[in-house]
Every structure is written in structure tokens, then in C-alpha cells.
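Visitor: Listed below, chain by chain, are the residues.
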Amino acid sequence: MATEVYRESFERRTKTVRYLRFLEGLADTQVGPIYLGMWGALAFFSYLLCVFITAIGFGEQVGYNPIRFLRELPVLTLYPPPPSAGLRMAPLQEGGYWQLATLFLSLTLVFWTIRIWTRAVANGLRPMVPIAFSAALFLYAAIYIIHPIWVNSWNEAPPHGLRGILLWTNHFSVKYGNFYYNPFHMVSIFGLLGSTLILAMHGATILATLAYGAHREIDEIEKSDEGTHRAQLLWRWVMGFNATAYSIHQWALGFATLTAVAGAIGVLLSGPVEPDWFQWACRADIVSGLQKACVP
Amino acid sequence: MSIENNPAPPGAVAVYDERQRTILRGELAGLVAMTVLALGGVIALSMALADWRGFQGWRADSTYNYAGVQQINFVEYLNRQKQAIAQPSVEALQAYNVWQQKNPQTVNVQVLTQYLGPQYNTTAKVFEYMSKYFTPGVGQSCEYCHNLENFAAYDKPQKTVAKAMLIMQFELQTKWIDSIPRPEGQPLYQLQCATCHYGKAQFWNTDQKNVPTIENLAMFGIAGGGNPTQYDMKHYGITLNGKPPASYEIVDDKLLAARPDAKGEVNYFQVTATKDTPPGLNDTYRNQAAMYHMNTALAVGCDFCHYGGYFKSYVLQDGTFKWPKSQARHMLGMVQDIAINWFPQMPKADPTRGDLAQPNCWMCHRGHVVPPGAYTPGEGEVPQKVSDPQIKPLVDLPVPAPKLPPQ
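The listed protein sequences derive, respectively, from chains A and B. The numbers in our numbering rise by one with no breaks, and the one at position 75 of the first sequence is 75. The numbers in our numbering rise by one with no breaks, and the one at position 165 of the second sequence is 1165.
The shape of chain A in the complex, shown without the other chains (with noise of 0.2 Å):
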């Protein structure tokens, strides 16, 4: 079979494969090689240097007692800087670590996306992972960097730890008004469960057809009566349409983008566009029946 040539060649042609047979439930076995590189580097040293400044703002704040730290570690939280600081360099314990550690985390994201891009360009593919990647990095460059600097404040932006970006979510939704009420939260979230949807959709059609071969794409693609066929035949029965086996993989792509960039772009209106989403709704007169709490 072409797969199986093509992996044993390849297998031939490397010494560093490791196989790992307990995941052979989960996942390809084969673990190897992995590729460095130098944006691969850059990428793994700056989120080193992130994870440091991260657990030394966390030492500081359990006296390096080990014990608190692992007690703590939920609501550990590494603050912004403090409103009246703006957009300056702020002093270590008042938001100087929070600083840091998202300026190696920006850059960690950057140098990964170069690293995925790269990479896909000399394995001969279009950089589809890297483009897909991208939104979710404008997602995190609107709340991280974009807004913060729109309103002049470092403040606005997530604290680093597991309670302490939960609290940002609510507060920042609470700020500006109820962040339902933002069309493009509403769009983001169609994103969020469209995808998901397609994404079980997908799956389970494939799991499905499993005793046909679907697995076996390309062999079985252009026979009659296997997998595929069977596929899209369950789904024109269902909805009256299907998707082909190349147009699934498109719609699931633009579901998932779409989650994150109408995601961001709800994020950067919130302030000096729109203050208050609650009060938006209510001049759309897309409250029915909540009129009664709109402010004249």
C-alpha cells in the first residue's frame, strides 16, 4: 500500500524514531524526529523564559514555600499593571512580571507560527496550519496587546493563572456591559458550536464507515459502495446535502477561524467603540421583553 512504502522509506532514511506502543490507541506510535530549527529554538527559549518569570512572580508571592505554591497554584495570579501605570514599564512586583512574561509569550506564539509556517513550506504543503493558527494569535494579540493599547492601559488585559483569567472573562463582560449582548461575541460563539458540531459530525461519519475503509482515503475514494460514498450518501438522506471529503475539512476551518477572529474583533469594539453591549442591544431593539432595564 502507498502509505505503508512511503512511511517505511521514510523510517529508513532516520535514527532518531521511537516507537511508543502504548499509545497505539491514541495516536501513531512512531514518536521522531522532531525538528528544531532556529525559530523552533527561539520559540522553546522564550517560553522557557516565561514559565520562569511566571514561577518566580508566583515564588514571590508564597515566599518560595513550596508547599503554598502547589496549595495555591489555582489562584496564584500574576497581576497587569496597576491603571495608573498606562502603557509604562511598571515595577517588577506591581505588574513588571506580567509584562515580561507576555512579552516572551507573545513572542514564543510569534516564533512558533514562523516555526509551523517554515516548516509546512519545506514539507511541500500550503501553510493552511499556520494561516489557521494565525487567528487564534489575533484573538490573543486584541485581548493582550491590541486593546490594552487602544485604551492606554495595561490593565485591561488578562492576568497571568488559572482563577485570575477566569475572573478577567467575567469582569471584562461585566465592564463593558454583558458581553452576550455583543454581536460578535454572538457570531464567535456560533463559530465555537458550528465547529464543534462539524467537528463531531466529521468524526462520527468517519468512525462510522470505518468497515467500509473511509480510513483508507485515497484508495477508497474511487470506488463505488466504500466508505465515502456510504458517507455522503448518509448525509444527502439526512439533510438533503453533503459535504465531499475535501469541502468538510474547508467548512471546519472557517467554523474554527471564525470563533476567534469575530472573537477578537468583539474584544477590540468593547471601550472606544462600544461601552456598554447591554445598551447596543437595546438601541437594536434586540432585547424583547428586557426593555424595562434598558436606560432611556
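Just so you know, the hints here were simulated from the structure itself, not pulled from any lab data. Treat the hints with care, since some could be wrong.
Some residues of chain B that are not near chain A, with every Cβ distance over 10 Å (derived) [to be verified]:
{"id": "1", "residue": "Gln1020"}
{"id": "2", "residue": "Leu1024"}
{"id": "3", "residue": "Ile1085"}
{"id": "4", "residue": "Asp1253"}
{"id": "5", "residue": "Ala1257"}
{"id": "6", "residue": "Gly1378"}
{"id": "7", "residue": "Ile1391"}
Here's a subset of chain B near chain A, in silico, CB distances under 10 Å, partners left out [said to hold, decoys possible]:
{"id": "8", "residue": "Pro1010"}
{"id": "9", "residue": "Arg1021"}
{"id": "10", "residue": "Val1126"}
{"id": "11", "residue": "Glu1128"}
{"id": "12", "residue": "Met1130"}
{"id": "13", "residue": "Asp1276"}
{"id": "14", "residue": "Thr1277"}
{"id": "15", "residue": "Thr1284"}
{"id": "16", "residue": "Gln1288"}
{"id": "17", "residue": "Leu1316"}
Ideal placement from N, C-alpha and C gives every residue a C-beta, glycine not left out.
Chain B: place on chain A using the hints.
Guide: Here is chain B on its own, set in the frame of chain A:
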């Protein structure tokens, strides 16, 4: 090259498919295992957080009701705390009998007659009030404040403190409690010693308050989710007398500084943004800390006061007015008044004791909507506003215009 021209070797497809089925079974097993692990992790984390705080659920012991009706009274509260109700001692009763026979009319009683009326001119009537409210309220017999040979004397500093506290109680009642916005039919309760003291002369002190143990955090109000660190305080911008307090307090410097504007509007917490709102989320964080404190202190959820769709609103989607939000706003004014005007000038029985605790919601509410220590007054127990109180407020703190249902 089509597959028909190059068929797979005999049996190869079956072997390949069997391998794929194995993988599928492994994936399903992995999925189940991950779900169990994730759920277990969430449960373990919740239990760990719960252990830290002695958390029993927001409404564990709640008197959750919108009618403002007291669910348990002071006696029941003490029973639940396994705390005995104080009575006057035998010596005190004997001394009182002697004093009463010698002085059937009061000697130098000022505050009770001034606020409650001239019927408190008899020693028996004053004794009735004292043994009904003072003794159980502060958990002490008469001799804690009084010289048993001369009940009128001021030779114990505790009596000076008690007198000042009584004036504060009546002043707070007439200024804040009597003017609380409330729907028709909701009962109006009174303050008494027990409303704050709950049977203890010193119900907390500054030393206790500044040690953020689990018990103290529960008592003084915490912002939910583990011990606050000094980093939390710096981040929220919470300061008390210019320094970050060791535990979350509802009263901080910013809250103390909040005043009604010319229209009587007061924004204790700037939360929902407008076009002019300065950037930063610290005020929102700070507000949330205070809100968690109220959750704990009254054992209610957010929707007790708020319309969850829009926290800023006083009106539910069906037009129902949220009285508790209006009342909480009013009560914050009273907390300010206590912190600014009363505690700083309160005499101290023991000068080495340090500052008095900052007032907060827990001080009176103790996990109930209507404080168990509040009471329904009997005849002649309702204080009247007096024109010339013996202790005057340090700052003329205006009462904000009450938030009332739209007409």
C-alpha cells in the same frame, strides 16, 4: 493507477482493518479515561477550594427571601453557635434590688430618656431594658460596666463605651435604618447591642482581623477562591488607611471617599463602563471582591440583588423592582457612616487594644438576609430622632436619594 490494477496482497486489508479497529477501541477507552480524569480533577479542585474556605455553598444557611422577613432570631443564632445566653449574676441582681429600693427614680439616666421617652425615668424600666438588650447582647452581667454599689457612677471605662455605643445605635437607627427604602408591608427591624455583638463584649479585634486564617477570612469576608495575597490587594487597588489590608474588607479608602452627587446619586463602585470611564479593570475586580463579601455575609447569590442580564439595572425583565439592590446601596452608606463618624471617636475600655475593626456586612448579617441580631421593637422601644445628640458625627455624611421603583 487505480486500485483494481494493483490489489492488496491476500489478507492485508483484513489485517490493516483489524489494526484500525484496535486503534478505535483504544481511542474510545482513552476518551472515557480522559473524561473521568477531567471530572475527577474538577471535583478534586472544587473540594480543595471548598476546604480552604469552609465553603458550604452560597445559600447553605441562607435566609434567602425577598420579603425581608427575619428567618432566625438572636436566640436561635446563639443556639446554633452553641453559645449560652448571658443573664445578670446573682450578686448583680441583689445589688440592683438594693439600688432600686433606694432609687426608684433614675439617677442621671440620659440616653434612654432622650431617645426612647420619659417613661425611662424609673429604675425598674431601665433595668428591664438593660437586662433585655444589654446583658444578652454583649454577654456580660451588670458589673461589667457598673459599680454595683452605685449604678449611676462612671468609674468603669466600659460604661463610657457602652453609653457611646448606645448613642451610635440610636443615631444609626434613626438616620439609616428608619429611612431604608422598602416595599409596602416589609417589616422594619431595629438595631440592638446583639445586632453586632452577638453575645460577646469584644466580638473581634484588629489583631484577629489581620491574620488571614481560614476562620478569620470566613468571618471578615473573602473574595472567593482561596487566600488573598498582598499581590491581590495591590492589583485591586484596595487600601485601608493607605495600606493594603490583610483580608478583603468592604470598606476601603475608595469606598469611604464615595459621596452622593448633587442629584443624590452615589456610585460606590464604577463597574459598567460609559464613554467617560477611565481604562482599567481594577474597579471591576475590586467591586467583585466586595460582591463576594456580600455573597458570604448574606448567604445569597448575585440574583438576590441583581438582574443577571444587566447588573447595573434595578429592574428585572418583567419590570419587578429589585428592592434588595436599593437596600444594599443604602446600607453601604451606613457602613461608611460607622467607619468615618462613629468608630474613630468611640472611647476604648482598653487603650492597648488597637483600632476597632472596620465595619462590614458580615459584622451584622452573619450569613442571613435579615441579621439574626435585629429585633422587632416592643412598645416604647422605638427611638426618636433627637436634635442635639451627645456625640456628633465628625463628617456630615448625606443620605443618598433612595432608589425607588420607576413610576
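Visitor: Does Gln1020/B clear chain A by more than 10 Å, comparing its Cβ with all Cβ atoms of that chain?
Guide: 6 Å, violated
Visitor: Next item in the hint list is Met1130/B. Is there a CB on chain A closer than 10 Å to its CB?
Guide: 47 Å, violated
Visitor: Confirm or reject: Ala1257/B is not an interface residue toward chain A, with every Cβ-Cβ distance exceeding 10 Å.
Guide: Holds, since 16 Å exceeds 10 Å.
Visitor: Classify the hint on Thr1284/B as holds or violated, based on whether any CB of chain A lies nearer than 10 Å to its CB.
Guide: 4 Å, holds
Visitor: Checking a non-interface call: every C-beta of chain A should be farther than 10 Å from the C-beta of Gly1378/B. Is that right?
Guide: 41 Å, holds
Visitor: Given Leu1316/B as an interface hint, is its Cβ closer than 10 Å to any Cβ of chain A?
Guide: 7 Å, holds
Visitor: Tell me if Glu1128/B is really an interface residue toward chain A, meaning its C-beta lies closer than 10 Å to one of theirs.
Guide: Cβ of Glu1128/B sits 50 Å from chain A, so the hint is violated.
Visitor: Taking the shortest Cβ-to-Cβ distance between Leu1024/B and chain A, state whether it exceeds 10 Å.
Guide: Check fails; 6 Å does not lie beyond 10 Å.
Visitor: Find the nearest Cβ of chain A to the Cβ of Asp1253/B and say whether that gap is larger than 10 Å.
Guide: 14 Å, holds
Visitor: Far enough from chain A: is every CB of that chain over 10 Å from the CB of Ile1391/B?
Guide: Per Cβ check, Ile1391/B is outside 10 Å of chain A; nearest 38 Å; holds.
Visitor: At a threshold of 10 Å, is the proposed contact between Val1126/B and chain A supported by beta-carbon distances?
Guide: Violated. Min distance 52 Å.
Visitor: Against chain A, run the beta carbon of Asp1276/B and see if the smallest gap drops under 10 Å.
Guide: 9 Å, holds
Of the numbered hints listed earlier, those contradicted by the structure are 1, 2, 8, 10, 11 and 12.
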